[in-house]
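Participant: Given these sequences and hints, build the entire structure.
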Amino acid sequence: MKHFLNTQDWTRAELDAVLAQAAAFKGSKAGDQLKGKSIALVFFNPSLRTRTSFELGAFQLGGHAVVLQPGKDAWPIEFNVGSVMDGEAEEHIAEVARVLSRYVDLVAVRAFPKFQDWSVDREDRVLKSFAKYSTVPVINLETITHPCQELAHALALQEHFKTTDLRGRKFVLTWTYHPKPLNTAVANSALTIATRMGMDVTLLCPTPEYALDERYLGWARDNVAESGGSFRMSHDIAEAYTGADVVYAKSWGAIPYFGRWDQEKPIRDAHKHFIVDEAKMALTNSGVFSHCLPLRRNVKATDGVMDAPYCIAIEEAENRLHVQKAVMAALANQ
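No gaps in the numbering here: position 57 of the sequence shown is 57 in the UniProt record's numbering, and each next residue is one more.
Be aware that one or more of the hints could be misleading.
Each pair of labels, with its calculated beta carbon distance range [claimed, not checked]:
(1) ALA225 with SER28: 31 to 39 Å
(2) THR164 with SER234: 26 to 34 Å
(3) ASP117 with LEU283: 37 to 45 Å
(4) ASP9 with THR242: 33 to 41 Å
Below, simulated SDA-like cross-link-like pairs (lysine to any residue); rule was C-alpha separation at most 20 Å, straight line [to be verified]:
(5) LYS2 with LYS132
(6) LYS114 with LYS180
(7) LYS180 with HIS273
(8) LYS114 with PRO76
(9) LYS114 with PHE79
(10) LYS26 with LEU56
(11) LYS180 with LYS132
(12) LYS37 with GLY62
(13) LYS72 with PHE59
(14) LYS26 with GLU318
(15) LYS114 with HIS92
(16) LYS272 with GLU318
(17) LYS180 with TYR133
(18) LYS29 with ALA17
(19) LYS272 with LEU295
(20) LYS29 with ARG51
(21) LYS2 with TYR133
(22) LYS180 with ASN298
(23) LYS114 with SER83
(24) LYS29 with HIS273
(25) LYS180 with ARG296
(26) LYS180 with GLY259
(27) LYS162 with PRO309
(28) LYS114 with PRO256
These are calculated hints, taken from the structure and not from any lab test. Heads up, the beta-carbon is just placed ideally off N, CA and C, and yes, glycines get one too.
Facilitator: So this is what it looks like as structure tokens:
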């Protein structure tokens, strides 16, 4: 049984097949690949695009989605093995995952880090616990990676450049300012898929403290060794943007300050100039800009960038619907 926890777990051929199916779904929304099947969408965090696209995607393929929010409309869940459950949690993941598996054909989970201790959060315990106890395929809706966003971004780039071969394109993954530290999930995933596609990838961040976790830096190095392309990290804005074909923006917290945001704040506040603006985009090779959304305008990117013809963020957001349908269809019919 195959899960969809990270794209790194899938072969390139499998990813290409999903992207091809997603493109087909974009041309014709209706299908019966999930007829008579169901999916439980378990949200520990808020959602707009993910919830909407998965619910609609299941419906369009003839399936049914059930949305659960533990601690709100479902019981709080305990994930520690051997714990004495005398606190808030009413039931253990060992029962939750196995019971849901008796009801539905797929389980999907969204669970952000707690932002207290990265050594704990990087273990992705909530997602892995569902995968451990579930007897049906599990899909990652965003935890410490966001594989569905990866595929939507890849499809948007393939559509823009009118080719499935993205090798040789210069891809800049740039940190941007945000008034509070955010999850590294989208950055981890953007780095993963760009290097997997054989692009020439630059990770642009203010200081070495904003480097991503070594796990994902390692994936990037492994990917370019296998797929071609290149990977490097830079702190030079002008140098990174110059000649870029793709600029992908995201804000994330500096891992060395994980759980100590007051100490990170002065560093973060000193780099508001990392905003994506028209002047930076003018340095690119007529490059495209995108972001996973939601995006704070005139904080992460200017109005001029977001409203420019080269911004493909809305196209990428639409593609969430199509790639997720392809993922569900592939897993439900394996």
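Participant: All the hints need checking, so say for each whether the structure fits it.
Facilitator: Hint-by-hint comparison with the structure:
At about 38 Å, the beta-carbon gap between ALA225 and SER28 stays in the expected band of 31 to 39 Å. The hint said 26 to 34 Å for the Cβ distance between THR164 and SER234, and at roughly 28 Å that hint holds. Checked against the hint of 37 to 45 Å, the pair ASP117 and LEU283 passes, with Cβ atoms roughly 39 Å apart. Between ASP9 and THR242 the C-beta distance comes to about 35 Å, which sits within the given range of 33 to 41 Å.
Pair hint LYS2 plus LYS132 holds up; C-alpha atoms about 12 Å apart against a cutoff of 20 Å. Simply put, LYS114 and LYS180 have alpha-carbon atoms about 14 Å apart, close enough for the 20 Å limit, and the pair holds. Taking the CA atoms of LYS180 and HIS273, the gap is about 16 Å. The hint holds against a cut of 20 Å. This hinted pair checks out: LYS114 and PRO76 have alpha carbons roughly 15 Å apart, not beyond 20 Å.
The hinted pair formed by LYS114 and PHE79 meets the criterion: a straight-line CA distance of about 13 Å does not exceed 20 Å. The straight-line distance between the Cα atoms of LYS26 and LEU56 is roughly 13 Å, inside the 20 Å bound, and the hint therefore holds. Taken as a hint, the LYS180 and LYS132 pair is broken in the structure, with Cα atoms around 33 Å apart against an allowance of 20 Å. For the suggested pair LYS37 and GLY62, the alpha carbons sit about 8 Å apart, so the restraint of at most 20 Å is met.
Our distance criterion of 20 Å between C-alpha atoms is broken by LYS72 and PHE59, whose separation comes to about 24 Å. Our distance criterion of 20 Å between C-alpha atoms is met by LYS26 and GLU318, whose separation comes to about 9 Å. In summary, the hint linking LYS114 to HIS92 is supported, as the alpha carbons are separated by about 19 Å, within the 20 Å threshold. Restraint check for LYS272 and GLU318: the C-alpha separation of about 29 Å exceeds 20 Å, so the hint is violated.
In summary, the hint linking LYS180 to TYR133 is not supported, as the alpha carbons are separated by about 34 Å, beyond the 20 Å threshold. With a CA separation close to 17 Å, the supplied pair LYS29 and ALA17 stays within the 20 Å bound. Between LYS272 and LEU295 the alpha-carbon distance is near 15 Å, which keeps this suggested pair within the 20 Å criterion. Our distance criterion of 20 Å between C-alpha atoms is met by LYS29 and ARG51, whose separation comes to about 17 Å.
Proposed proximity of LYS2 and TYR133 is supported: the alpha carbons are some 14 Å apart, at most 20 Å. Only pairs whose Cα atoms come within 20 Å are accepted, and LYS180 paired with ASN298 is accepted, the gap being roughly 15 Å. A threshold of 20 Å between alpha carbons decides the hint, and for LYS114 with SER83 the separation of about 19 Å falls inside it, so the pair holds. Proximity of LYS29 to HIS273 is assessed by CA-CA distance (about 41 Å); at most 20 Å being required, the pair is judged violated.
With a CA separation close to 12 Å, the supplied pair LYS180 and ARG296 stays within the 20 Å bound. A threshold of 20 Å between alpha carbons decides the hint, and for LYS180 with GLY259 the separation of about 12 Å falls inside it, so the pair holds. Straight-line distance between C-alpha atoms of LYS162 and PRO309 comes to about 16 Å, which keeps the hinted pair within the 20 Å bound. Restraint check for LYS114 and PRO256: satisfied, since their Cα atoms lie roughly 15 Å apart, inside the 20 Å limit.
The structure shown violates the earlier hints numbered 11, 13, 16, 17 and 24.
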